[in-house]
Amino acid sequence: MRAGDELRRESPLSRFRGSLFRPAEPLFGLVSLWALLAVAVWVSTETHLDHVDWEKGSPVSVLGSILPESVLASQLLFDVSRWTLWIAAGCWALRLLVPVSGWVTFAAYTLHASMFWENLPWFRHKFVLPALLLFIHAMWFQCYRREFRAARGALLSAKICPAWVPFLGIYSVATFYGLAGVMKLWRGGLEWGDGVSLQLWIYRFGDEDWLLTRWILEDRTVAMVLQSGAMVIESLSFLAIVLPRVRTALALSLIGMHIGIEFTFGIPFASNVVLVVVFLLPWTRRIVERLAGGKALSRVCEGRPGPGVDEAPGQG
Amino acid sequence: MSKGESRAGHRASLGERWGVFLFLGATLVVPLVAWEWFPFSAPTMFSERTASYCHYRVWDESGDRVSRSEVGLQCNNPHDPPLTTFGRRGYGRLSPETLNHYDAVPTVEEIREHVQARAEGRRLVVRRRVIGAVDEDRIGIVQEDTFEVEPR
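Read top to bottom, the protein sequences are chains A and B.
Everything in the first sequence is counted per my numbering, starting at 1 for the first residue and increasing by one.
Everything in the second sequence is counted per my numbering, starting at 1 for the first residue and increasing by one.
No lab work stands behind these hints: they were computed from the structure.
Remember, predicted model here, so these are calculated numbers, not experimental data.
Built from N, CA and C at the ideal position, the CB exists for glycine as well.
Hints are not guaranteed to be accurate.
Stated by the list, open to error - Covered by chain A, per the in silico footprint, the following chain B stretches (three or more residues, Cβ under 8 Å):
| no. | segment |
| --- | --- |
| 1 | 18-29 |
| 2 | 39-53 |
| 3 | 70-80 |
| 4 | 106-119 |
| 5 | 124-136 |
Stated by the list, open to error - If the Cβ cut is set under 7 Å, some of the chain A residues that face chain B in the computed set are:
| no. | residue |
| --- | --- |
| 6 | Leu49 |
| 7 | Ile66 |
| 8 | Glu69 |
| 9 | Ser70 |
| 10 | Leu120 |
| 11 | Pro121 |
| 12 | Trp122 |
| 13 | Phe148 |
| 14 | Trp164 |
| 15 | Ala180 |
| 16 | Arg187 |
| 17 | Ser197 |
I would like the entire structure built from these sequences, with the hints used as guidance.
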């Protein structure tokens, strides 16, 4: 029996499971790792323990549920975790001491961001996605550590990036935004997008000098369309996992939403915008591959236009 | 070639398979159950639907502005609703007590008592504006109260 016949008989779920573990060239995986490391280092410059003297509330992180409060409030540990993150991220970017440097980067980032969250009287959601994405990439380098060593000198042509790396990246970003939409529906119901809340938030801390904010404050219908639109876009983000064709539209909508939030509320989410561009927007992969000739190279290595890159889950 | 085996000869180990499927499950299920448990998160930012809030302004006897946080009328958190899952309440750190919450319109007497307890013997003037929908298109001031708080 030919391999093609065997593949056709498999159920879609089996095919999906099989294709998840099929490796391709690592060019885009490495580029996205560098972007991710830059984001992790960038957001770690915005952390602080300014509210450490305030009364302790509840544990808000996995580490906060395990480690004692005195450890989580330690300025020394906070500084050490930041420096460890920066050094380990540098090593990982240069592929030094992998896979250990990958896990150290993930651990240092998670500890640092957990300490930040545990000592805040609110949440900072921009810290979530880098943690999940660092875990995925650390797992990649762990599972393919022998292949990475063997591919030295011919790294870009070696098939050492399993399809689950880009797929889990898309999944993490899509799930993060999808859950944000679900929470709005869950807590506020369908009426969440009635426009009044958006007007109140803008009235409270928005920039009234901006044309869009004035327009929103003057017209409930505009407020309703924008507020409902944000909820719909976020809720539909789950579709990006299974429908590559809608991924571009969703990614652009999410970027637009973040730009709108930054201008109206002054809440910066630029780090998330970078992650959406890198992990969700299909154009980025194509641009990187075109710049490096990666796609052509991968097909030459395949010997035929095959499923190695183009048909792997989450890569469309 | 089996499902887990690549063309380059890499065979997905049991750990790799478990790692991938555990990640898929955990990052979806844990946030739905716990809401916020970093690094798991169902971003709750702006998830509450709100219909009104109170804006406070406070002056002392000489007409100088008094910080809202001095008398417990500050807005602690304009966009993150507090946690309520697994018996947890609030955030990593608790903000100082305040009367200023979305959709909460305390009576003048409640405000007076609250401010009096924090006024440190000062005679203060408090202005409270309730902001909400004024018509079908706009929001604005739907109620305004200005009152004195005598020292205890």
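Against the structure, test the hints numbered earlier, and report the numbers of the ones violated in rising order.
4, 6, 7, 8, 9 and 13
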